[in-house]
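> Position chain B relative to chain A; hints supplied.
There are 2 protein chains.
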Amino acid sequence: MGTVTAPWKQLLLNALESNSHIKHSSFFQLATIGSNGRPSNRTVVFRGFQENSDKFQINTDSRSHKIEELKHCPFAEICWYFTDSWEQFRFSGRIDVIDGSNPEALKLQQREKSWFASSVKSRLQYLGPIPGFPCISEHPNQEIALDPSTGPVGAFCLLVLDPDQVDYLNLKSNQRLKFISTLGLNGVKSWTSERINP
Amino acid sequence: MGTVTAPWKQLLLNALESNSHIKHSSFFQLATIGSNGRPSNRTVVFRGFQENSDKFQINTDSRSHKIEELKHCPFAEICWYFTDSWEQFRFSGRIDVIDGSNPEALKLQQREKSWFASSVKSRLQYLGPIPGFPCISEHPNQEIALDPSTGPVGAFCLLVLDPDQVDYLNLKSNQRLKFISTLGLNGVKSWTSERINP
Numbered sequence: 001m002g003t004v005t006a007p008w009k010q011l012l013l014n015a016l017e018s019n020s021h022i023k024h025s026s027f028f029q030l031a032t033i034g035s036n037g038r039p040s041n042r043t044v045v046f047r048g049f050q051e052n053s054d055k056f057q058i059n060t061d062s063r064s065h066k067i068e069e070l071k072h073c074p075f076a077e078i079c080w081y082f083t084d085s086w087e088q089f090r091f092s093g094r095i096d097v098i099d100g101s102n103p104e105a106l107k108l109q110q111r112e113k114s115w116f117a118s119s120v121k122s123r124l125q126y127l128g129p130i131p132g133f134p135c136i137s138e139h140p141n142q143e144i145a146l147d148p149s150t151g152p153v154g155a156f157c158l159l160v161l162d163p164d165q166v167d168y169l170n171l172k173s174n175q176r177l178k179f180i181s182t183l184g185l186n187g188v189k190s191w192t193s194e195r196i197n198p
Numbered sequence: 001m002g003t004v005t006a007p008w009k010q011l012l013l014n015a016l017e018s019n020s021h022i023k024h025s026s027f028f029q030l031a032t033i034g035s036n037g038r039p040s041n042r043t044v045v046f047r048g049f050q051e052n053s054d055k056f057q058i059n060t061d062s063r064s065h066k067i068e069e070l071k072h073c074p075f076a077e078i079c080w081y082f083t084d085s086w087e088q089f090r091f092s093g094r095i096d097v098i099d100g101s102n103p104e105a106l107k108l109q110q111r112e113k114s115w116f117a118s119s120v121k122s123r124l125q126y127l128g129p130i131p132g133f134p135c136i137s138e139h140p141n142q143e144i145a146l147d148p149s150t151g152p153v154g155a156f157c158l159l160v161l162d163p164d165q166v167d168y169l170n171l172k173s174n175q176r177l178k179f180i181s182t183l184g185l186n187g188v189k190s191w192t193s194e195r196i197n198p
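Top line first, the protein sequences correspond to chains A and B.
Using full-length UniProt numbering, the letters of the first sequence correspond one by one to residues 1 to 198.
Using full-length UniProt numbering, the letters of the second sequence correspond one by one to residues 1 to 198.
Chain A on its own, in the form it takes in the complex:
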């Protein structure tokens, strides 16, 4: 709902730009809290911002552990380290889990959009066996074909992280900034920033 662009966004866009020649620059680590109460951490792929917003999109399999975890605790922290520019961003916020059973038409549209934005090859993995389960076939997926015009399958899930706190660290200049958001009575998010010790 923010009307003003978040002040950390230009820093991130600059980092993405200056690291764009590196394949893994769109990878970051997403921490959640496991059902056993322990932290859980894995690499995921940045799928862009949700239209006209500062919310991060991630595609995932609705059968993976993180979905169960996010139902227990919807909070997550992204740690994104840019290996070429030596910059780290930490984004803390709440995740909205959007699977095929979502009651909101707009969210189902966003999920569909994210499905078609990903490659056919990456769509195929959602037709494979349950992630994290014991492997029973030596050659999974080999006979599976997918019509490129087919919409999102049941296992396809869109995660949308809405950050409310951002920690930026630049290891070249040794500068660190903290951004904190507050929600106004009008529902508009506003951000304050402060230089903190690295």
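The set of hints was computed from the structure by calculation and includes no laboratory data.
Be a bit skeptical, because a hint or two may be false.
Heads up, the list lumps identical chains together, so a pair's fine if it works in one copy or across two of them.
[Unchecked claim] Computed list of lysine to any residue pairs in SDA-like fashion (alpha-carbon distance at most 20 Å, straight line):
#1 Lys121 with Pro198
#2 Lys178 with Leu11
#3 Lys178 with Thr5
#4 Lys9 with Val45
Then chain B, alone, in the frame of chain A:
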């Protein structure tokens, strides 16, 4: 206390070897649970295994948030992605926080060893202002000098993560392995492994 080398260790040593030409190959993301109950995630540097063990060493500032967090919940998960070989390791386990007040002489020795193993430049940061606090000086640390023979300062803290679960994913071969440890009645840790779906 394991007498047998953990079965995941050779995989990790191979990954370290094949990515050793990359500066950031010793960086990984450490997830903990914040005092507010939310996940917390940041990049840290691997400082080697503790002697004759499969435990990961990390140096940190005892004044940083993660210390407070680990006192609430000692569990953490490392996510280590090797950008050249496309391998991901997730190490879940308990962290032992070793600061200067530790009552065990052996642990104080390990802390001292880790202090002297790090560069004088990186030791200097423990003499700087409190990490995460508002920045009040434009040019911190400029007048600080440190005698290289001086032992660990108060803010220097050694973290030791003892993994009890490991998740290995190879994105080139699309293979994934899960390693789980059990503690025998004799106090010896043993590991089982299983192929799971990626």
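> If a hint holds in the structure, say so; if it doesn't, say that too.
These are the hints, each one checked on the structure:
no., hint, verdict
1, Lys121 with Pro198, "between (41 Å within a copy, 14 Å between copies)"
2, Lys178 with Leu11, "within (12 Å within a copy, 37 Å between copies)"
3, Lys178 with Thr5, "within (16 Å within a copy, 42 Å between copies)"
4, Lys9 with Val45, "within (18 Å within a copy, 27 Å between copies)"
Taken one by one, the earlier hints all hold for this structure without exception.
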